[in-house]
Amino acid sequence: MSGIRQNPGLYKIVVTHYVAAAFCFLVLSVMMLFSVKAFAGHYFHPQILAITHMAALGWGTMIILGASYQLIPVVLETDLYSEKLAWITFALFLPGLVALVYSFWVFVPGIHMQCGAILLLLAVVLFTLNVYLTAKKKKQETIQEDFIFSACICLCLTVALGAALVFNFTISIFPQDQLHFLKLHAHMGLIGWFLLMLIGVSSKLVPMFLVSSYQSTKLLTYSYYLIVGALLSFLVDSYFFGLSLRTYLIFTIGATGITCYFIFILKCLRSRLRKHIDLPMMNSFLSFILLKIATLTVPFIIYFHLKNNPVTIRFSMIYGEFMLMGWITALILGQTFKTLPFIVWVKHYEHLTGKFKTPMPADLFADNLLKAQTISYLIFCLTFMPGCYLLFLPLIYIGIAALMVTAMLYLSNIFIVLFHKTITYGKL
Amino acid sequence: MANFDITDPLSFLKEQMMETLRLVIDPELHINIIDLGLVYGIEIDAPKKLVNVEMTLSSSYCPMGESIISAVKNCIEGHFEGYDATVDLVWEPVWSYDSIKDEGKRLLGL
Numbered sequence: 027m028s029g030i031r032q033n034p035g036l037y038k039i040v041v042t043h044y045v046a047a048a049f050c051f052l053v054l055s056v057m058m059l060f061s062v063k064a065f066a067g068h069y070f071h072p073q074i075l076a077i078t079h080m081a082a083l084g085w086g087t088m089i090i091l092g093a094s095y096q097l098i099p100v101v102l103e104t105d106l107y108s109e110k111l112a113w114i115t116f117a118l119f120l121p122g123l124v125a126l127v128y129s130f131w132v133f134v135p136g137i138h139m140q141c142g143a144i145l146l147l148l149a150v151v152l153f154t155l156n157v158y159l160t161a162k163k164k165k166q167e168t169i170q171e172d173f174i175f176s177a178c179i180c181l182c183l184t185v186a187l188g189a190a191l192v193f194n195f196t197i198s199i200f201p202q203d204q205l206h207f208l209k210l211h212a213h214m215g216l217i218g219w220f221l222l223m224l225i226g227v228s229s230k231l232v233p234m235f236l237v238s239s240y241q242s243t244k245l246l247t248y249s250y251y252l253i254v255g256a257l258l259s260f261l262v263d264s265y266f267f268g269l270s271l272r273t274y275l276i277f278t279i280g281a282t283g284i285t286c287y288f289i290f291i292l293k294c295l296r297s298r299l300r301k302h303i304d305l306p307m308m309n310s311f312l313s314f315i316l317l318k319i320a321t322l323t324v325p326f327i328i329y330f331h332l333k334n335n336p337v338t339i340r341f342s343m344i345y346g347e348f349m350l351m352g353w354i355t356a357l358i359l360g361q362t363f364k365t366l367p368f369i370v371w372v373k374h375y376e377h378l379t380g381k382f383k384t385p386m387p388a389d390l391f392a393d394n395l396l397k398a399q400t401i402s403y404l405i406f407c408l409t410f411m412p413g414c415y416l417l418f419l420p421l422i423y424i425g426i427a428a429l430m431v432t433a434m435l436y437l438s439n440i441f442i443v444l445f446h447k448t449i450t451y452g453k454l
Numbered sequence: 113m114a115n116f117d118i119t120d121p122l123s124f125l126k127e128q129m130m131e132t133l134r135l136v137i138d139p140e141l142h143i144n145i146i147d148l149g150l151v152y153g154i155e156i157d158a159p160k161k162l163v164n165v166e167m168t169l170s171s172s173y174c175p176m177g178e179s180i181i182s183a184v185k186n187c188i189e190g191h192f193e194g195y196d197a198t199v200d201l202v203w204e205p206v207w208s209y210d211s212i213k214d215e216g217k218r219l220l221g222l
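These protein sequence lines are chains A and B, in that order.
27 is the number of the first residue of the first sequence in the numbering used here; add one for each residue after it.
113 is the number of the first residue of the second sequence in the numbering used here; add one for each residue after it.
Warning: the hint list may mix true and false statements.
What the hints assert, rightly or not - Cross-link-like lysine to aspartate or glutamate pairs, in silico, DMTMM-like; alpha carbons within 25 Å at most:
| hint | chain 1 | residue 1 | chain 2 | residue 2 |
| --- | --- | --- | --- | --- |
| 1 | A | 164 | B | 178 |
| 2 | A | 381 | B | 215 |
| 3 | A | 318 | A | 172 |
| 4 | B | 160 | B | 196 |
| 5 | B | 185 | A | 389 |
| 6 | A | 301 | B | 215 |
| 7 | A | 293 | B | 196 |
| 8 | A | 110 | B | 196 |
| 9 | B | 161 | B | 131 |
| 10 | A | 381 | B | 204 |
Unchecked claim - Far from chain B, some chain A residues (derived; all Cβ distances over 12 Å):
| hint | residue |
| --- | --- |
| 11 | 46 |
| 12 | 158 |
| 13 | 233 |
| 14 | 248 |
| 15 | 265 |
| 16 | 282 |
| 17 | 292 |
| 18 | 323 |
Stated by the list, open to error - Output of the computed footprint for chain A on chain B, the stretches with three or more beta carbons under 8 Å from beta carbons of chain A:
| hint | segment |
| --- | --- |
| 19 | 139-147 |
| 20 | 174-187 |
Quick caveat, the hints were computed from the structure, so don't treat them as lab data.
All C-beta atoms, glycine included, are put in the ideal place defined by N, C-alpha and C.
The following block holds chain B by itself, in its conformation from the complex (with noise of 0.2 Å):
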């Protein structure tokens, strides 16, 4: 899940690519990565133009994780010129069924 302080002076920044990602979906569910939950931050090196992305996925050995995280590259590098993206997956917390987000679950008929 995250976070974004007010403080930041990139939170903005953040919050952009944090919407824009939700232009990733999955190709299994047809849901966007941002309302399945499995994004669980952003982290930029302005000077450096560097993001990293860390996030998950529903399961470790997802058929298509590689496509996800591909996707999610492309995406930010896309959209954000000049910025080069890393994906960080991280398997803490643990992806579950209540890490869906409202509109997420609003999506699949819940």
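One chain only, chain A, in its complex shape (with noise of 0.2 Å):
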């Protein structure tokens, strides 16, 4: 017998996680609306950093690692390790993540920010010995399987590194400025741990989803070494050297290997069976446009920056916010409404299809929630990035009061979907 057994302990991982961080995006929000000003400034700032953390880990770390309990076992194409190490990674991630927040919000690098980081870096490591033990179980390798397995080393090594940081506010572990590791903290979190988790998941997903007949994974191998290769490089080459010329090459090599993964995408486009793209998927499309907006900015963030240009920072806050608030959110608004109602859909109808009519997974969600919800988070590009280049604090108030609404519908058709009542339209 194959296909995935959704048991209830399953399904409450999955949901916990998923309102977790749909709490956590509407926190966000509201925490962008306190901090206006400070995004016309450095990004080393008190509200930024725990902006930053909050959307890193509380509202894209915790739906992944929700959706990663459900998806994981697809991808891999075996069953969860452990459900009860699962808990215990929340149980150890949701403090973790408050304290750090908070005390990055009020600036108190002392005992509670010290807990935090160590709370969340055992929930990673738990977190990753799940998936390790999940993937020994099965015998074929596959490409999918190595861009989740380094995606959660690097997000370890992330984390490690962040809680290094953290402690180094108090003790003095390295000789160099915070600053120099800031950056090969954020590129291991969001080169190595979100490009590379996200890029495995999608390209086992994005066909299904799409009945795609493409079904080589050669791009993908390409796409693997590349990106790692130039992560590794960029670590190495900026720990010894800061940035330089070279970074130029790295870039270049990391850029190609997310193009290889568009190309892989476009291709299943492409040779897609199902025509129709509905609403979530058109906004995973909007995720990899914002992917490459965000891209195209690092070359600006090296040419400044070698120049001593000021404007090397605001180039880095664009990048951040295009990679943070862009692609990863844009991805999670519409994978949510992919994944989410299949999970409650397979709980209501299992035991009911076949026999009476049911509704489809797509009717589970409100459909005017999330065009509307579509159409607040396109107002928050085409308002916060701009109003953050040009320093208007206009755009970025507008950006901002779109993101609130986008983050209350979503969180409005979340509950839509997990309150659905079961109903039948009678006999088959």
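Hints given; two lone chains; assemble the complex.
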């Protein structure tokens, strides 16, 4: 017998993560509202640090952890190793997140911040262990497995370096200044964790959802080695020598890797059997455009940095915003309504299918709310990002207001899916 | 691909069951499993009132696999009183896009 068994335990874990992430998204938008002026300054600012960690951990990582428990078994074609380990991970991750974000916000680098960092480190190590033991059950190796496991390793390294940086506030651990390590920490997280993980999972799910006939994984293999090669080169080179002309070369290697992934997605899109592309998938494609824009800002960061021009800080902010609030957010906003309705649908209708006419998974969320959410998110992208670049506060305010609307619509739609009542339309 | 032998006294019942399985819809594609070419054959043990459906899924760890299998059983047992249904999942021949019937292709807009 094959297929993923949806047991009540797994359902609770996944749903808890989705709900926690949706609340974090709303809190994140409120935090942004109280930090508008900070967006016009340097990224090493208490409120920006708090917002970045809320976005990266509370929003992006939280939902990826939850979705992973459902999707990694699909991608790796085996059952999850341990649900208990998943709950322990969550129990460590949530208080760790709250402690870290609050300590950054009020900027008290003491015991709370350190405890938060340690809890988060323990949580991600346990998550990685769970993924490793899940993958170990499977004999055949796939490129998706390489992406996912490398991403987990990068997550652990990112959080470990982050924890060391937290301790460095009070105990001198590193000889260089914090900013030197901040870019290593940020890139290990953005490229090592998010990019590798999202490519690994989406390279299996996008062809599945589009019912694509393109099966080759050659492009994904190129993508994996180019991105991992570029990341490792960047970490070593910039640790010892800082940014230099070599960074352009490293960027080109990494960008080629991302391009291979885009070509893979394009080939899946062209060979798809399902011609109609629904709104959740449209959101996902918007995220790929935002990732491309984020990538295009990198040469400007390097160029202005090498010229000692402070504009590099503004481009770094834009880059971070396009990665976290653009690419990752758009992907989550779309893919939530591909994955969550399925998870809930299976719980309500698996035993009824074939006997009664039932709603389909896509009928479980409010389509109008999703449309409104997509529009408000587009307004956010079109106002907030240019506002931060032009340092024009009214545009930043409009953008954040649109993001708050997006977060409220997203949360409401999540609850509509979760509180769905089983209905049938008569016997078949 | 199911074949029907006209000399088989159960072929009409098999055909009826195949047609009934058109009620089982793939939740993602919104197309029935017969037109998707997922059902390979039906075996009926008339005296024992047992039906065995040989079928596949579009991928070995299709997230909706359990639901589709459950729907097939429910569908047969609900429409043919007294019959118990089992599903044999097979991976040979491997399902491919060529397995989709003309009607399935039409519904997919191909």
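> Quick check: which numbered hints come out false for this structure?
Replying inline: Structure breaks hints 7, 8, 10 and 13.
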